[in-house]
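S.K.: Each chain, letter by letter, is given below.
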Amino acid sequence: MLKIENLTKRFGGLAAVSNVSVDFEAGKINAIIGPNGAGKSTFFNLVAGAIAPTEGRIQFQGMDITGMACDRIARLGIARTFQSTMLFEESTVLDNLIVGHRLRTQSRLWDVLINSKRLRDEEKKCRARAEDVLDFVGLSHIGHRLTADISQEEKKRVAFALALATDPELVLLDEPAGGINPEETIKLAALIRKMVDHGVTVCLIEHKMDMIMSLAHKIMVLDHGEKIAEGTPDQIKQNPVVIEAYLGSDDDAAA
Amino acid sequence: MDLFFQQVLNGLTLGSIYGLVALGLTLVYGILHVPNFAHGAIYMVGAYVSYLTMVDLGYNYWVAMACAAAAVAALSVLCERLVFNPLRDAPPIHDKIAAIGIMMFLEAAVQMQWGAEFRRMPTPYTDIFNIAGLTIPAQRVLIIMGAFSLMAVLHLFLKKTMTGATIVAMAQNREGAFLVGIDANRVAMMTFAISGALAAVGATLFAPINLVYPSMGHLLIMKAFVIIILGGMGSIPGAIVGGLIIGFTEAFGGFYISTDYKDIIAFALLVVILSVKPTGLFTKGVR
Amino acid sequence: MGALQKVSGFIMSPAMKMLLILLAVLFPLAAGNEYQIYVMALAFVWAIAVYGMNIVTGLCGQLNLAHGAFFAIGAYTLAILTVDNGWPFWPAFVAAGAMGALLGFLVGVVSLRLKEHHFAIFTLCVGFIIYLLMDKWESLTHGTLGIINIPAPHGFGLVDFTETTPFYYLALVFLVLSVFFASRISHSLLGRTFLAIRISDDLAASLGINLMRNKVLAFVLSTTYAAVAGALYAGMVRFIGPAEADVAHTFDMITYLLVGGIGTLMGPLVGTLVITWLTQSLQSLEEYRMIVFGPLLVLLVIFSPRGVVGSFTAWRARRRAAAREQQARQTASEKVPPQAGASSIKKGAGNHA
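Those sequence lines, one after another, are chains W, U and C.
Taking the working numbering, the leading residue of the first sequence gets 309, the next gets one more, and so forth.
Taking the working numbering, the leading residue of the second sequence gets 166, the next gets one more, and so forth.
Taking the working numbering, the leading residue of the third sequence gets 914, the next gets one more, and so forth.
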């Protein structure tokens, strides 16, 4: 599904991501872990097209998307969430989600000015999609609330829903459980599994080790921008290099 | 050739004042990431305080300068406490609007109190030197020397003192600075105070060869913004070099191209540069 | 609560819009003197420009500090074409709008590559360049003298727009059109697209939104609004000078926008009317209005960044949400056994399941 070859990104002289090659399979949960500053977020930004790589190739469903603009990549089917959830606090939850399906619509300024049939149909479609995804993440009951008034965990779910509204094949989740309590983390993990069951491939960055180990099918470990290991959770847990670089020191704190 | 050197002198005069004002602006930007649109009005208030201390109260030039620096530093700190600090986590558009609000208020208040008329600030240094065919008014020498010595003092302060070092640290990395336990409030107030004092001294130096009036800061603040964009927002050497670049461009542009359009030159330069390189001239690859 | 609910429901209803238009139509009859009608017409013209600013700044989140300059461009285009080139009013009026759009496009394409602060500073400079050009380019703009004897809108022999009251109705028609299109835009997918950009460039791009294309569109829409308002202004005041491009006008418009409610539909109108009449009622304030406006802006962004209309709509959305939840709770408690009760539809109940 996502095939990455020798991906490198240098800022000035510093390599944030260095020569990473990896393959993510469709319909699986793939995790990227590593200490702070290991280049995980940069890796996501590269895949999503927010920044262009210095070297290397990114293929998505057999198509070369290296250096493609972010909005085009989104239309091809890669959606993402951000570390800090960004939503429009002054409008309702449902209103926040309607724009998510905008990229599957055609209406232009002219349609808006004359309120054309195409626009009305497309707005209906977007609203329906928003309601669907809201239901999917289990928040239909708060659709009419002001976004400013909902909890942090609910906001995370809304951010998931917004990503799902774009009809993605692949969703990149940047620390989905950041700032969320353990109980709610378990529920978020269930939601991530549900996404995969519905045919969406997931790729996530996360610091919560217990969550990753029980959730991921495949884990890639980054350190100083380089891939130091990849494999199943069991393989990663036993990998001496990983233990040395990361798990050994952080495991207790994360558990 | 004499005319050429005359323009060099003009460029140096303008550039040093621009540099001082831009320095204050860039320091505040570096710490708080606020483009302080009120900085020009702060400069103007500095000029008025000096003027009034000299003309109405009859103190000498240097006392007036010190009073202006102190008063304007206090005013800046007040702005930081009352306005920018509460807006620290607000969307970026809010602090810009607040800064504009401060600017509007200061200008209107000064105009209401002292009127819109142009005033000429007296200076004790009215001598004019004639050296090798060059006409050099003493005030210009004072401006150049004053501005550059102030820059040197600032440089020493930032490099050699603890407070200075924390300001630099915070400008480079806000989150990091919090981690190592820097008192962000204190640094922010300090920075605003320095920025205000620089503007007030700049105004007191420059006003005698210019005029004092409520909107005197308009053009200057816009040029200062051009300068810090050229020099990289938050960069201290960038502000000084940028100030000199704009100063010289204006002096020579005004002389060789057109006096009418000399004020446009800085902005045209900005438009051209940003059209080609949206991140500014001297910014490095990071961010 | 019933009465409050009804009032707030009425304010949001189409009937309210009809009522507002009716009141506006009747205003000249109720006005004590011609001057009041003139002030109102002028406020309408400014409100049109503020609607433009609301598109790029309110919806799209880009603080355009050259907005007043585009207002002046509309005014000057009309004045130059009619006075110096003998064009009739209406073709020149259309040309003024087109000029606003064209220059908006050119400036937008360059300036919108810049983010946030850089964009605000850049547009401040663009506004100043436009001002200086109007001030210094004497052969085109008559320099500091300005342009006098601008014709009033042509009434085709039916109405005389040099009279205040007919012009008032003309301004009203343009205002209603402006609000109508602003409403179409802000309630549509396009408005939502702009809003996504206001939240964050990164978020919008990740939702497949082409940032540059949409920002330029918002910018061009706003400058067109500004230029149309400027052209109307020139036809009303019939004398213009470089001061029209003064950045103070942009600041005035920011104040109107913020008082009314940035990003809301009725905010620009409410803000413009409130501030215009406040300033009028304190005649002595006109020159020193910034003494009040400045602190007002600061207080608004700190304590009430949503403005009048924004606070109202947020308040109403909260009430409706609360009402709906109460309703849901009641229906739920009727259906399920009492021990599960009201709490069973709360999300916390999921733990037991």
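Treat the hints with care, since some could be wrong.
What the hints assert, rightly or not - Capping the alpha-carbon separation at 27 angstroms, the derived lysine-lysine pairs in DSS-like fashion look like this:
1) W:LYS336 <-> W:LYS516
2) W:LYS495 <-> W:LYS336
3) W:LYS516 <-> W:LYS495
4) C:LYS1049 <-> U:LYS427
5) C:LYS930 <-> W:LYS425
6) U:LYS442 <-> C:LYS930
7) W:LYS526 <-> W:LYS311
8) U:LYS427 <-> U:LYS442
9) W:LYS545 <-> W:LYS433
10) W:LYS432 <-> W:LYS311
11) W:LYS432 <-> C:LYS1028
12) W:LYS336 <-> W:LYS545
The hints are simulated quantities; they were obtained by calculation from the structure and are not laboratory data.
These numbers come from a predicted model, not from an experiment.
S.K.: With reference to the structure, classify each hint as holding or not holding.
M.R.: Results of checking the hints against the structure:
1. At roughly 19 angstroms between alpha-carbon atoms, LYS336 (chain W) and LYS516 (chain W) fall within 27 angstroms of each other, so this suggested pair holds.
2. Between the alpha carbons of LYS495 (chain W) and LYS336 (chain W) the distance comes to roughly 18 angstroms, so the proposed pair stays at or under 27 angstroms and holds.
3. The suggested pairing of LYS516 (chain W) with LYS495 (chain W) holds, with an alpha-carbon distance near 14 angstroms, which does not exceed 27 angstroms.
4. Restraint check for LYS1049 (chain C) and LYS427 (chain U): satisfied, since their Cα atoms lie roughly 11 angstroms apart, inside the 27 angstroms limit.
5. Distance hint between LYS930 (chain C) and LYS425 (chain W) is fulfilled; the C-alpha atoms sit about 24 angstroms from each other, no more than 27 angstroms.
6. A hinted pair counts as satisfied when its Cα atoms are at most 27 angstroms apart, and LYS442 (chain U) with LYS930 (chain C) does not qualify at roughly 47 angstroms.
7. A C-alpha spacing of about 14 angstroms is found between LYS526 (chain W) and LYS311 (chain W), which places the hinted pair at or below 27 angstroms, so the restraint holds.
8. Taking the CA atoms of LYS427 (chain U) and LYS442 (chain U), the gap is near 23 angstroms; set against the 27 angstroms cutoff, the hint holds.
9. Only pairs whose Cα atoms come within 27 angstroms are accepted, and LYS545 (chain W) paired with LYS433 (chain W) is rejected, the gap being roughly 45 angstroms.
10. Restraint check for LYS432 (chain W) and LYS311 (chain W): not satisfied, since their Cα atoms lie roughly 36 angstroms apart, outside the 27 angstroms limit.
11. Distance hint between LYS432 (chain W) and LYS1028 (chain C) is unfulfilled; the C-alpha atoms sit about 33 angstroms from each other, more than 27 angstroms.
12. Distance hint between LYS336 (chain W) and LYS545 (chain W) is fulfilled; the C-alpha atoms sit about 19 angstroms from each other, no more than 27 angstroms.
In summary, the structure is inconsistent with hints 6, 9, 10, 11 from the numbered list given earlier, while agreeing with the others.
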